[in-house]
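**Q** Listed below, chain by chain, are the residues.
Number of protein chains: 2
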Amino acid sequence: MRILGIDPGTGICGFGVIELKGSDTLRGAAKMIDNGVISTPPNTPLAERLEDIYNSMHEIINLNKPDVVSIEKLFFTKNITTGISVAEARGVVILVCKQHNLPIFEYTPNEIKKTMTGYGSADKKQMQEMVRLHLNLKEIPKPDDAADALAAAITHSLMNRF
Amino acid sequence: MRILGIDPGTGICGFGVIELKGSDTLRGAAKMIDNGVISTPPNTPLAERLEDIYNSMHEIINLNKPDVVSIEKLFFTKNITTGISVAEARGVVILVCKQHNLPIFEYTPNEIKKTMTGYGSADKKQMQEMVRLHLNLKEIPKPDDAADALAAAITHSLMNRF
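Heads up: the protein sequence lines correspond to chains X and P, in order. The working numbering numbers the first residue of the first sequence as 1 and each following residue consecutively. The working numbering numbers the first residue of the second sequence as 1 and each following residue consecutively.
It should be emphasised that the hints constitute simulated quantities derived from the structure, not laboratory data. Please note that a few of the clues may not be correct.
Label pairs and their computed distance ranges (CB to CB) [stated by the list, open to error]:
id	chain 1	residue 1	chain 2	residue 2	range
1	X	123	P	42	33 to 43 Å
2	X	136	P	63	48 to 58 Å
3	P	126	X	48	32 to 42 Å
Positions of the beta carbon are idealized from the N, C-alpha and C atoms, including for glycine.
The shape of chain X in the complex, shown without the other chains (with noise of 0.2 Å):
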């Protein structure tokens, strides 16, 4: 079972694809097997970053072959602007694993956070330890967004006790 965790953006889009083995869930069962970012240079039209997106999208999930993706739910509170500009960006990924037939599952940060160290509001830093300890790596994946996307493909493992 292969998870593809994705932290929308259209300047710098996340992406994390982790795989376990048999139905075991505990810690350091599952294998990081890509990470890394979909990203463009500051003021770039929005057109070409989508269009940047749904490519690079596509070439993820075929080199990846996941069989199910895991996206941060949007939910904000403060940022407007940044929240359409991640909502555009949302669009176009779930526009390419619909493509791709795969099932989607969303989760809010704090779902992630909650199910990643027990409490809602971890801050980055141990939420990015957790990811580490989660995934047996030496070192935490960087940058956060590629983070943040493992983050995101752990969370559906564990909530789902594959």
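Use these hints to put chain P onto chain X, whose structure you have.
**A** Okay, now just chain P, sitting in the frame of chain X:
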């Protein structure tokens, strides 16, 4: 010069195509070519809606061969949840336009109202009546989302004085 106007939304997405002859932008000089909506039943999963918008947008562009696209810009202060879903649809619409190498122009609802009627707080009825007059139509195009999309297309023609 053909302009495709879009009123984005995930549940219902309006479109309208107008044609301008020469450089004449007097009222009635623009001709209505096509209009309608891309709509899905209530409770259709978001991924299906976005895929439907993607496929339908390609069909609409292939059929009508517009030269430019005019799309309503997101500008909201009240309903954030609606705003997110509109942005997800916008992401897919802008992607498809980019795949056809169409220039994309964005106008806020206020810019559209002001350009169409002369003031930014015009109501829906006044706007629709102006769409009807501009395009020399006997009746106001239905549903509202199709009329709104035509208003976006007309706004681009008036703002740019082709």
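**Q** Give a verdict on every hint.
**A** Against the structure, the hints:
1. Look at residue 123(X) against residue 42(P): about 40 Å separates their beta carbons, and that is inside 33 to 43 Å.
2. Residue 136(X) and residue 63(P) have their C-beta atoms about 53 Å apart, which keeps the hinted 48 to 58 Å range intact.
3. For the pair residue 126(P) and residue 48(X), the beta carbons lie near 37 Å from each other, so the given range of 32 to 42 Å is met.
When held up to the earlier numbered hints, the structure conflicts with none and fits them all.
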